[in-house]
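**Q** Below, each chain spelled out in residue letters.
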Amino acid sequence: EVGQARFEELIAADSRVEPRDWMPDPYRKTLVRQVSQHAHSEIIGMQPEGNWITRAPSLKRKAILMAKVQDEAGHGLYLYSAAETLGTSRDEMLDQLYTGRAKYSSIFNYPARTWADVGAIGWLVDGAAITNQVPLCRASYGPYGRAMVRVCKEESFHQRQGWEILYSLSHGTDAQHRMAQEAVDRFYGPALQMFGPPDSDSPNSNQSMAWNIKRFSNDELRQRFVDMIVPQADALGLTLPDPHLTWNEERGHYDFGDLDWDEFFSVLKGNGPLSRQRLEHYRNARDDGAWVREAATAYARRGQQDQSALLGA
Amino acid sequence: EVGQARFEELIAADSRVEPRDWMPDPYRKTLVRQVSQHAHSEIIGMQPEGNWITRAPSLKRKAILMAKVQDEAGHGLYLYSAAETLGTSRDEMLDQLYTGRAKYSSIFNYPARTWADVGAIGWLVDGAAITNQVPLCRASYGPYGRAMVRVCKEESFHQRQGWEILYSLSHGTDAQHRMAQEAVDRFYGPALQMFGPPDSDSPNSNQSMAWNIKRFSNDELRQRFVDMIVPQADALGLTLPDPHLTWNEERGHYDFGDLDWDEFFSVLKGNGPLSRQRLEHYRNARDDGAWVREAATAYARRGQQDQSALLGA
Amino acid sequence: DEATARYALILGDDALILAQRLSAWISRAPELEEDVALANIALDLLGHARFLLSYAGTAWGKTEDDLAYFRDEEEFRSCRLVEQENGDFGQTIARQLIFSAYQLQLYRRLVHSTDPTLAAIADKALKEVRYHQDHAAQWTLRLGLGTEESAHRMQAGLDSLWSYVEELFIDVDPLTGLGDVAVLPSSLREETLSLLQEIIEQAGLTVPDISGAYGSDRSGRFSEQRGYILTEMQVLARQHPGATW
Amino acid sequence: DEATARYALILGDDALILAQRLSAWISRAPELEEDVALANIALDLLGHARFLLSYAGTAWGKTEDDLAYFRDEEEFRSCRLVEQENGDFGQTIARQLIFSAYQLQLYRRLVHSTDPTLAAIADKALKEVRYHQDHAAQWTLRLGLGTEESAHRMQAGLDSLWSYVEELFIDVDPLTGLGDVAVLPSSLREETLSLLQEIIEQAGLTVPDISGAYGSDRSGRFSEQRGYILTEMQVLARQHPGATW
Chain A
4 EVGQARFEEL IAADSRVEPR DWMPDPYRKT LVRQVSQHAH SEIIGMQPEG
54 NWITRAPSLK RKAILMAKVQ DEAGHGLYLY SAAETLGTSR DEMLDQLYTG
104 RAKYSSIFNY PARTWADVGA IGWLVDGAAI TNQVPLCRAS YGPYGRAMVR
154 VCKEESFHQR QGWEILYSLS HGTDAQHRMA QEAVDRFYGP ALQMFGPPDS
204 DSPNSNQSMA WNIKRFSNDE LRQRFVDMIV PQADALGLTL PDPHLTWNEE
254 RGHYDFGDLD WDEFFSVLKG NGPLSRQRLE HYRNARDDGA WVREAATAYA
304 RRGQQDQSAL LGA
Chain B
4 EVGQARFEEL IAADSRVEPR DWMPDPYRKT LVRQVSQHAH SEIIGMQPEG
54 NWITRAPSLK RKAILMAKVQ DEAGHGLYLY SAAETLGTSR DEMLDQLYTG
104 RAKYSSIFNY PARTWADVGA IGWLVDGAAI TNQVPLCRAS YGPYGRAMVR
154 VCKEESFHQR QGWEILYSLS HGTDAQHRMA QEAVDRFYGP ALQMFGPPDS
204 DSPNSNQSMA WNIKRFSNDE LRQRFVDMIV PQADALGLTL PDPHLTWNEE
254 RGHYDFGDLD WDEFFSVLKG NGPLSRQRLE HYRNARDDGA WVREAATAYA
304 RRGQQDQSAL LGA
Chain C
-6 DEATARYALI LGDDALILAQ RLSAWISRAP ELEEDVALAN IALDLLGHAR
44 FLLSYAGTAW GKTEDDLAYF RDEEEFRSCR LVEQENGDFG QTIARQLIFS
94 AYQLQLYRRL VHSTDPTLAA IADKALKEVR YHQDHAAQWT LRLGLGTEES
144 AHRMQAGLDS LWSYVEELFI DVDPLTGLGD VAVLPSSLRE ETLSLLQEII
194 EQAGLTVPDI SGAYGSDRSG RFSEQRGYIL TEMQVLARQH PGATW
Chain D
-6 DEATARYALI LGDDALILAQ RLSAWISRAP ELEEDVALAN IALDLLGHAR
44 FLLSYAGTAW GKTEDDLAYF RDEEEFRSCR LVEQENGDFG QTIARQLIFS
94 AYQLQLYRRL VHSTDPTLAA IADKALKEVR YHQDHAAQWT LRLGLGTEES
144 AHRMQAGLDS LWSYVEELFI DVDPLTGLGD VAVLPSSLRE ETLSLLQEII
194 EQAGLTVPDI SGAYGSDRSG RFSEQRGYIL TEMQVLARQH PGATW
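Residue numbers (our numbering), protein chains in the order written: chain A, 4 to 316; chain B, 4 to 316; chain C, -6 to 238; chain D, -6 to 238.
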């Protein structure tokens, strides 16, 4: 009762809830689900771009890309840590990913087929992610909000790099320009869908808003993103593949066309172009590494025994 | 006693010894060693050329190369069968290869680094093999001699194809010509060493000659090979990398320079450029396939049980 | 004509990419007999691909090698099933099982094509594909009924590839307008799936309940593997443009 | 001058190829911390390679990318050790152990090079290589003293690579004439091998008794892997000659 009151006070004051604080079970569950999904997305998200590290077309781009994918592993690490403060272990969360019980952002079930896709992922996918995440820096759960601050700082850097890749391509040879345009054509729709289904179709949002986890609705964030990328696309010299995209003077926003929600729900259900491949890649890595993790554990135990022996002596 | 006499009679008459015939133990052992080494060479010999199947520069060449490497597997199969008639199982021989107790031709421990190497292997390595093998078609042990007849027919085809690869390269672009010449430069010496050490240094040969297994000495065969390839190299428009190569009117043969026997013995001892890699490739394939072989065995046993059940009914 | 050529390209690309994948098994098979068998199948498929690409090329004045080595990734028309990695032997057999069942039904019908060249190619290919299908079915039985591990791996192979099955039966662009020149993929669906079901169940395995993966226009837009396959296949030919071999 | 450039190329190619190999681990490591660690090491090596190739390029008016993407196989100067496949984690750690021990001794001495650029590069690289060496040594201990399987795999990794150790210490062509600009590889042999021996024995493993593989002039004549590495690394850049990225 005291805990409940204190929790409600914190939320009402828009303060942070910390791991030691009492919190309602559904709040905890919602957070574990959201934070671990976010962590999983970082891990699976290493694959599409990782796919291009060995083939990056210049050493500078190779270094930048390698650092970016490494950052994603790092984000995964501190998001899992944040989720662990809620009482679920990293192994348990990884196991949910391994067995396909956990979700991650559907966008990573699309292939990075060309080098330009690396640019489009940086610009559009990381761009959408930031739009989503900046408000999360103020999420009511302290460890999550603080992790997001770190994540957002790096993501905006990544978005900039993606934009630069596309800029070089767009202003390069005809073949490069074409590659860039095709990548944008392919990623535009799925990137807009990263904010989730339309508000009319998104049942869990209200509770998350009430808890100060979510701050804006899916459609609000989507609009914000569209408003951001339209001038950026202009600056790139690339076209966004939506004939309905026009400035609406009255609303002070860009109008845009309907998205293919059938595709979205089909991919969400696990029928993305590479859904199985992404999970199998992860599973193979985890299986192949099992003996290494066992060895590390055995070695650590040995070290403890050696220490105990020393202390006992 | 009767067997011994009969065996000596057969040898004296230059007839065939067959599996049912009595034969002295050292004869049997020599043959098992020689035939299984030959079979192993076919198996390991699939690797250097196999390395180029996926990268062959035209579909026609790809098909020819694939067929050739397949032939090598086939040669392995019937050579192991010939050796099995001497009472050693294929599994036992493969196990000797797996554990590094068996030898195979050192030439396959050299890399096939360029496409031209595929040509040089065909022309020089298969050429040397044929020179070695044609007399073996008359080997006193029947199954071996008959296997060699089949092998030789296909090998001469392979040599021709290798020569054609080099011919196209030699008469192609400058880069292609250079590639061909470099391949010949690299394979000439090792190919001449395929006949084994100089006669003065080859202790086992005499007994094999007396048994009608071997018909010519290492140096005789080497000379025969050199005499064959000199005009072929001319026709290719390529140079053999030996400044001492000259026609000796008196001998009616080509003279040629000394070979690097230090290299030969070093490679023979297992220090070839790819000695470890070849064996590991084979071991990995065998390990990876263990579960398949077990399944096939279990399934076959099951089939037998089903049959017994039927017969019992 | 161009539409027929584009149809031949679809068939040829499938055969070429699968031949390329299978050829990587040579010297790595579980036993020597399988080195020979997989090489045989790869050679057959490569042979079909050469006929089909040569025929397609006549529409554009191109050779089989022009089409195989100098088309870019997005110009290929292979399905994703044949582009999938070899994986272990179970996965390769699963791919063979699915693809050869489809191809068997396809060529059985294509022998009646009103295009005499396609009919002749199908006729030649048919008895070879029959062998491929038999080879895959036999191994499916051996693995499915062999050991616990082999059954597990064979099932995993099927599960891993099943989301690429539906793509085989999509009536993509040039096909619908070709009439009796071509065989509509959708018309092969039922009999192919029932052949597969029969073998899979006979092997004590389960037909996966997995829907088709999104994206099925054979454009390569949805594949990450095609690029790697072509990079390796084309590297040498492209290093020496205009050369003959 | 040209000799110094050719020396820088040797050092740069080793770093570049190893970075390329290691980068393939990213998203495939045994645990997330290792994805980060291996990416870190790969990034360090790539950084060294970029300095070294840029410096080498000044002798010929070429950029780091000219040298990385537009040299052919036989123009690279990497040693075979770094070209070997990643294998399992044990083999990768074995390669890291050997190569970082060699590189540590190398850069420790190269900081005193009379060539100020090389000395500065070595100075920057040295503390990173110290970390690489420590990372490899720690894992060697963990694997060697972890489980029976891990000890077996770590030993197999060492055995598999040991025949490429001697090549590191051969005083190939440009080196012998460079005086105090370069560090003679042969002069690093003893201390590198004794450092390796110490760690390997501390990990309960055995220093392999395996001689050097024939061929050690860094020409690539004796490698089958270099071609595959470069094919993948260079494919995109070569598809768009003259493009900027």
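Among the clues, some could well be false.
[Unchecked claim] To be clear about the criterion: a stretch of chain B counts as covered by chain D if any three or more of its residues have a C-beta under 8 Å from a C-beta of chain D, and this derived list gives those stretches:
id, segment
1, 256 to 270
2, 278 to 286
[As the list claims (entries may be wrong)] What the simulated footprint calls covered on chain C by chain B, stretch by stretch (three residues with Cβ under 8 Å from a Cβ of chain B suffice, anywhere in the stretch; the number is not a length):
id, segment
3, 12 to 21
4, 119 to 127
To be clear, the hints were calculated from the coordinates, so they are not data collected in a lab. In this text, a Cβ means the ideal position worked out from N, Cα and C, and glycines have one as well.
**Q** Taking each numbered hint in turn, which are not upheld by the structure, reported in ascending numerical order?
**A** Structure breaks hint 4 only.
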